[in-house]
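Protein chains in written order, with my numbering: chain Y, 1 to 299; chain V, 300 to 584.
In short, the hints are calculated from the structure, not lab data.
Please note that the accuracy of each hint is not assured.
As the list claims (entries may be wrong) - Here are the simulated DSBU-like pairs of lysine-lysine, each with C-alpha atoms no more than 35 Å apart in a straight line:
no., chain 1, residue 1, chain 2, residue 2
1, Y, K84, V, K507
2, Y, K84, V, K361
3, Y, K269, Y, K84
4, Y, K213, V, K361
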Amino acid sequence: MSGAGSEVLSQASPTSVISIRNLVKTFPDQEGRPLRVLDGITFDVDAGETLVVMGGSGCGKSTLLNCLIGELRPEAGRILYRTKTMTEPADLLTMDGHTLNELRKRFGILFQSGALFNSMTVAENVALPLVEHSYVDPSIIDIVVTLKLQQVRMLPHRDKMPSQLSGGQKKRAGLARATALDPEILFYDEPSAGLDPVTSAAIDELIIDLSKKLHVTSVVVTHEMDSAFRIADRMVMLDRGRVLMIGPRAEFERIRSTPPDRLENDDQKLIRQFLNGEAEGPLTDAEGTSEFEKWIIAG
Amino acid sequence: MSDAVPQSAPSRLVTGITAIGQSAINSRRRLARAVVYVGGMGYLLFDTLIWLSRGLVTRSFKFAWSALAGQMVRVGVRSIAIIVVVQTFIGIILALQLAPTLEAYGSLESIANIVGIAMFRELGPLLSAIVLSGFAGASIAAEIGAMVEAEEIKALRAHALDPIRFLVVPRLLATVIMLTGLSVLADVVGVGGGLMTSWLVLDIAPRKYLYFTQMALVYKDFFTGLVKAAVFGVLISTIACYEGLSVSGGAEGVGRATTSTVVKSIVALIATDCVFTAVFYVFEL
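Produce the complete structure using the sequences and hints provided.
What follows is the structure in structure tokens.
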């Protein structure tokens, strides 16, 4: 094994499907200076688990997701994938185009809007990855499409155009498309955003159901706390591009229900404020909002 | 505020130098943007041609013939009526504008020669391309721009599907094929407009008009027009796809892209036509 290869292996946890190491991504601010949106992110995603990535607006969670799917290129760090077809972990950032596309066939993504192709019917949307990446007979593809749509309870809508679907139906159809190639990893970008509570709960049930039935590893980016606590095995809290805390759901539940004065440190107080959706606390103080409000009130 | 020191107005010299400096900086920025734009378009075209050759020559992926057919209908078939109307009017206008001058020289029949050559070499391909840039170019830019905003392009990449192969290749090929075909139609219709006007208004017999047209035209007039049409098709589709793929900023961004596609296409078409005409003149084509 080469030196670089052994270094990659040593950085990846043996049980993890994704290992993120010291990820740094910057964007220019309004004056053109580099602003660190991801500032040394490090964590692992274990095989078969559902990991929820959460944080306030602008904390870097969408940027992180875009880096994980190869849509954005970080300036520094490593994103190590270990799928079933790989003999050793491979770094997404050093992959050539062909290898990246082969990896992409191993994961599915549910986009915030569903991102269905508007010129195709629901069934054609689900069939597209199969038509493009497999050489099976169209009748087999049709059977797979039927199964996938059945799985997300969208079979009655198979011949509808995306414009005829509701928000929740679009997400379910998007989920059927994301699972078309039987992926090992599923990424969800704000799966409950813009949905009513009942539809949101139905999508959450679907995520849990798919995770159990397909044995996939799921990474869910969300700031909907009810949804996050329903589906998560583990949770990661991001704040200003850093990992504030990573741990099992129970630990976050404990912080959520503990009074602020009984928490161990400022980070936990900040997490508690976010989890409970409170307007006042260290999170808003850090952003200066509360000070600004005080200044306005004081005249 | 009595401690404040009154600021004196800058001298004309300082204002002038500042204006020149600012103008130089702005020009440099504009030039940099233009280089990035042309470079980006060049790269897009190169990538499209690579995918096209892979699909048609090496057959390393399934070429989407149905997508090509759909785009040909959308770009070309739906443009037929508007191009017929525009080119008929152009034929009529040309004949009526030329008539007084040519009548004064006693060679009214030369209308057929001039209309024929103008249509086949210049106005057929150029005006068809201008009509198509507003009709199909804007629509391509808006469609791809909306797809960018709806995360459809991101979804394509996430499914290991290249947006250039999937979206740009059929649109470029369809625009080139259909504009070449429409250009032939435009030539014929334009000559027809001139013929009708000459027959009904200027009292030139249709057979005589066609005879003069036939005498004036040579094969190279027809083929140079076709070459122009094909290149114009590449220009319109590349600009439209590039503008669409570069969309940002929601619905406003899509609106900007469509306007920009039409404006840039028209400028590029006329500039390219000028270069073609100069080259054909030098090489006597």
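(request) Find the hints from earlier in the document that the structure breaks and name them by number, from lowest to highest. (result) 1, 3
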